[in-house]
Structure formats: structure tokens, C-alpha cells
Amino acid sequence: MGLEEYKGVFVFAQQVDNILNGVAFELLGKGKELAGNLNTEVTAVLLGSGIKDLADKLAEYGADKVIVVDDPELKEYKTEPYAHALASVINEYKPEIVLVGATAIGRDLGPTVSARVKTGLTADCTVLEIGDFPLVAKEGEEQLHNQLLMTRPAFGGNTIATIACPYNRPQMATVRPGVMQKIAPIAGAKANVIEFNPGFTPDNRYVEILNVVKAVKNTANIMEAKILVSGGRGVGSKENFKLLDDLAEVLGGTVSCSRAVVENGWQPQDLQVGQTGKTVRPQIYFAIGISGAIQHVAGMEEADLIVAINKDEDAPIFDVADYGLVGDLNKIVPALTAALKSEMGK
Amino acid sequence: MKIVVCIKQVPDTKGGVKFNPDGTLDRAAMLTIMNPDDKAGLEAALRLKEQYGAEVTVLTMGLPKADEVLREAMAMGADRGILVTDRVLGGADTWATSTTIAGAIRNLEYDLIITGRQAIDGDTAQVGPQIAEHLKLPVISYAQDIKVEGDSVIVQRQYEDRYHELKAKMPCLITALSELNEPRYMTPGGIFDSYDKEVTVWGRADLKDVDDSDLGLKGSPTKIAKASDKVRKGAGEKVVLDTDESVAYLIGKFKEKHII
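One line per chain: the protein sequences are A and B, in this order. Take the first sequence: its letters are residues 0 to 345, numbered as in numbering that gives the first Met the number 0. Take the second sequence: its letters are residues 0 to 259, numbered as in numbering that gives the first Met the number 0.
These aren't lab readings, by the way, just hints derived from the structure by calculation. Just so we're clear, the structure is a prediction, and the values are computed from it rather than from any experiment. Ideal Cβ positions, reconstructed from N, Cα and C, are used throughout, including at glycine. Heads up, some of the hints might be wrong.
To be verified - Derived pair list, reagent style DSSO-like, types lysine-lysine, alpha-carbon separation capped at 27 Å:
hint: 1; chain 1: A; residue 1: K225; chain 2: B; residue 2: K254
hint: 2; chain 1: B; residue 1: K252; chain 2: A; residue 2: K241
hint: 3; chain 1: A; residue 1: K237; chain 2: A; residue 2: K330
hint: 4; chain 1: A; residue 1: K340; chain 2: B; residue 2: K256
hint: 5; chain 1: A; residue 1: K213; chain 2: B; residue 2: K146
hint: 6; chain 1: A; residue 1: K340; chain 2: B; residue 2: K254
Stated by the list, open to error - Residues from chain A that face chain B, not an exhaustive set, calculated with beta carbons under 7 Å:
hint: 7; residue: T158
hint: 8; residue: V211
hint: 9; residue: V325
hint: 10; residue: I331
All chains, please: the whole structure from these sequences, using the hints.
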């Protein structure tokens with residue numbers, strides 16, 4: 000069958016414990032925009048057990064349709080039944096684009112499914128747009144239109160590449176949480192639900208879950224924070240993060256950190272910003288005692304405003320900061336906290 | 000038990016990055032290391048070898064110089080190395096790479112295949128699960144702990160807010176997180192011995208049940224439209240002032256922007 004028969008933008012709507020992951024809404028926002036450019040629809044694919052109630056929520060965030068595969072086999076995430084479900088949906092409904100969140104689930108499900116349906120998958124995209132491939136017409140080569148152009152960083156953020164998948168369908172991409180924007184929810188939207196079940200026959204590829212061990216979480220979600228006060232190696236110790244806690248408190252912000260801080264055991268990994276941590280885009284990002292390694296910058300450079308405080312005048316963080324203060328964080332941070340307190344008390 | 004560990008020689012991303020004129024990476028021009036997640040996978044295999052007895056084969060796909068990374072793995076304790084290298088395999092994306100590696104592994108006996116979760120050059124985390132898909136094996140990604148129990152593995156599979164303890168029957172494929180362990184160093188004796196051990200070199204003709212149309216740049220569904228060094232937003236203002244002046248400067252800026 001011809002590639003032109005593949006139509007529509009599909010979004011894998013990840014849920015765990017029957018709670019939708021925010022990345023599903025973000026991908027619907029982007030999916031809606033792409034569908035608009037292609038004059039088609041955006042469809043959410045919801046896999047799980049007892050999850051039909053979640054469909055309306057997906058409609059509120061832009062899904063024109065919701066394909067629901069509801070089966071007890073899909074209660075907990077396991078690669079095989081999920082890959083079978085998503086691949087079957089793709090084979091049945093033939094979308095031209097499939098977007099998947101680059102979560103610990105999506106980064107397992109995406110590659111398995113793309114290999115099964117024999118297509119390309121571009122990981123951790125930061126920009127998705129519709130355009131031509133090749134970008135510029137070349138003599139003797141047909142230029143294809145309405146292609147998904149997927150832009151992603153590589154080499155720890157040193158390079159950026161734009162990838163197309165011109166001769167296979169669907170065109171698949173994963174996107175990390177926090178990268179795309181969800182739409183303002185449409186209150187009272189009702190989902191156009193399509194129920195589908197490909198049937199599940201357990202075989203050697205169905206692994207057995209012996210135990211589900213949930214981490215005790217008392218840390219804030221740094222991806223939701225409007226203001227992040229982020230500390231690096233230069234903070235010097237776990238105890239010294241008190242300075243950052245105080246600043247965050249005055250501003251109603253949240254403390255986050257760089258990889259070195261996690262490696263030193265000063266803060267938990269949940270709070271790590273960067274390539275191997277989380278991608279954040281707060282309104283204000285304070286980088287305090289953070290040198291600005293490219294892996295860190297990749298996770299925070301989309302912040303609206305970046306303030307850097309570092310004693311090393313040549314630290315690369317100053318190359319991305321809107322306002323850079325060269326000096327001793329142990330002096331500047333408490334003074335800043337005090338000054339903000341008095342300003343905001345006025 | 001027979002374990003195959005897939006490893007990759009990757010450019011040290013701390014160094015500079017260079018491109019060929021066609022936008023693909025000029026790997027030959029960069030400094031290289033063993034990919035960290037793969038090294039953790041190798042270490043896990045070597046520990047299983049010590050605990051239960053196993054033959055550990057390391058396999059890599061790359062340029063002829065990737066022989067170095069196999070020697071390093073053998074100096075750590077791997078028994079044999081296989082280098083898959085051929086001009087026609089160059090420029091492969093994850094689909095073509097996983098097809099190639101699966102084609103090589105079909106020649107081997109194995110109970111367990113271990114790959115790293117992801118390589119630091121591409122960061123895709125795709126090749127491990129895709130090898131499993133081509134070989135029709137169960138896959139457990141993001142392993143933070145691996146045990147063997149009879150003919151099965153018991154693995155802690157990491158998620159953002161939890162882990163699952165999973166049991167899979169061998170043969171199966173596991174992708175390792177670098178948090179899994181602290182890889183050992185090569186020993187001087189090991190380095191010496193590694194040059195006595197065999198490195199098997201395979202080319203296109205040695206890949207089993209693989210179509211030419213699925214290999215290399217041509218067999219890659221994804222195509223590079225454009226590649227470049229990242230252009231970052233320009234630096235803003237940087238001031239070197241005493242503490243009070245610094246704070247006053249920033250408060251002034253915040254007021255200007257109506258933040259406070």
C-alpha cells in the first residue's frame with residue numbers, strides 16, 4: 000500500500016495507575032498543530048485496563064478521536080503486550096505520524112514498535128514541523144512535501160540534526176516531557192471513542208512482574224515549577240543548599256540541581272536538570288554555582304530568563320545567562336534573598 | 000551460560016565533534032571511549048561470570064579501529080571479541096544498526112544478551128530493544144539490578160517513580176543503566192592477555208538472515224535532512240561587582256521586567 004494512504008497524527012497517551020502522564024497532553028498540543036498543517040486529525044491512543052474514563056480528558060486537550068485498547072493484560076506496563084497493542088493499532092488505522100513521550104516507558108515501547116512495523120524513530124525531538132525533504136530541491140531527486148521534520152540534539156547537545164523519514168510510514172518520534180506545550184483545555188469536551196482489541200496471547204516474550212516497588216517521593220516536580228533555584232558543584236555541600244532553599248522560599252520557587260550535585264549525594268536525582276535529568280522551561284532559572292556543562296544547558300536553556308551566579312568569570316553558564324553575576328554565591332545569594340524579602344514586603 | 004554483550008566505541012562528547020560533508024559523523028576524527036552504559040553491561044556480565052560461570056562474548060559494530068574497544072573489554076575479562084565492520088554498513092540509523100547486530104548474533108549461541116541502555120553520542124536508547132525485536136526475544140530495558148535464577152533472570156527495571164521486579168526466561172535481552180554498578184579497571188595482565196585473545200572480524204557476508212536493503216545508509220528509514228553545530232542564544236549581560244552592587248543590579252533588572 001502506498002505511503003499516501005497513511006493519514007492522521009497519533010499520540011500515545013501514556014497512563015500509569017490510570018493517571019495520564021502530562022506528556023500525553025503536551026504531545027496532543029503539538030499533534031493538533033501538525034494535524035492542522037496536514038489538514039487531518041489528531042488521535043490519542045490509550046492503552047491500559049479500566050481506563051475508558053480517561054478518554055474525555057484527552058479530548059479536552061485536543062484529541063479529535065481516542066482509540067482505546069482496554070485489556071487486563073495492559074494493567075501494568077510490560078513491553079510485549081503494550082508493543083503488540085500499539086503496533087496493532089498502527090497496522091489497523093495506518094497513521095502517518097506517531098508521537099510517543101520519551102519517558103522510561105516510551106523509550107522502550109517506541110523502539111520496539113518502530114522495529115515491528117519497520118519504520119524509523121527519531122528520539123528526543125525538540126522541534127517537530129511539517130516541511131519538504133530534501134529541505135532544498137535537488138536536481139535529479141524528487142522533493143517530497145508534507146514530511147515530518149524532526150529536530151533533535153545529539154552528542155550531549157553539541158550538535159543538532161533534523162531528521163526525516165521519507166519512505167516509511169508512520170513517521171515516529173519521541174519527545175521528552177516538558178518540551179512541547181499543551182493547549183488550554185476545552186472544558187466539557189467529549190471524546191469520540193473507538194474501542195479496539197487486537198487480542199493478547201501470552202508467549203515467552205511476556206515477562207512476569209514479581210513486584211512493583213514505588214519510590215517514596217517527597218520531592219517537588221521541577222518540570223512544573225515557574226521559578227527554579229538550581230545549584231551546582233559550587234554550592235559546596237548538602238548543608239549549603241539551605242541558601243538556595245531560602246531564596247526559593249522567598250520567590251515561591253523550587254530547588255533543582257546539576258548532575259554533580261546528585262553524584263555527590265547532596266540532592267536526589269528527581270531534582271536533576273539536564274541531558275540525563277529533566278528538561279525544564281521555567282519563567283526564571285537561577286543557575287548558582289553551576290559551571291554550565293553542555294549537558295546541563297541542554298536541559299534548561301529554554302527557560303524564559305536565566306540568572307547565573309558563579310565565581311568563575313569564564314564559566315560557560317554565562318554564555319546562556321540573561322543576567323550573570325560574577326562573585327561568591329555564599330555572599331550574593333543570602334544578600335539577594337534578604338533584598339527580595341524587603342522588596343516584596345513593600 | 001553464554002552471554003553476549005553489545006558495546007559501542009563512542010566519541011568522547013567532551014571533545015570536539017566533526018562531520019563528513021554528507022552530514023554524518025566523522026567518527027574517525029574524534030577521541031573515543033567505551034560507551035558508559037555498555038561498560039556497566041559488560042561489568043554485569045563479568046559479575047555473572049564470576050558468580051555462575053559464563054562465557055562472555057563482546058560484540059561491536061563500527062570502523063576497524065573499534066577493535067580497541069574490544070581489546071579493552073577483553074582486558075577487563077571478556078573471553079572473546081567480535082568486530083562487525085564493512086563499508087556497506089556505514090551511515091546506519093538505529094533500524095539498520097539493530098538489523099546488522101541481530102544478523103551477527105544469529106551466528107552465536109547465547110542465553111543472555113546485554114546492551115547498554117543508550118550511547119552517549121546518539122542518546123536514542125533504541126538499538127537494544129530493536130535487537131530483541133529482530134531476534135524475537137523478551138526485552139527488559141533500564142536494568143538497575145540483574146540476578147540469575149535457574150533458567151530465568153530476575154531484573155529490577157527502573158521507571159521514573161518506581162521499579163518493577165521482572166522475571167524473564169532466557170534467552171532474553173537486557174539493557175543496562177550505568178547506575179547498575181561501578182565497572183572494574185583493566186588489569187596490566189589483562190591488557191597484555193587481551194592481545195593474545197581472538198578478535199573475530201565479520202563483514203556483510205557473515206550476517207545471517209539479513210537483506211541488503213535493510214543495511215547501512217540506504218537501509219535506514221531515517222534520513223538526515225540537516226546537521227549542524229548547535230547555535231545557542233547569545234549571552235546576556237555579565238557584571239563583576241561587589242555583593243551589594245550585584246544584588247542591586249539584579250533587583251533593578253527584576254523591577255524593569257516587572258518580576259517584582
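Go through the numbered hints given earlier and state which of them the structure violates, listing their numbers in rising order.
Nothing - there is no hint that the structure violates, so all of them hold.
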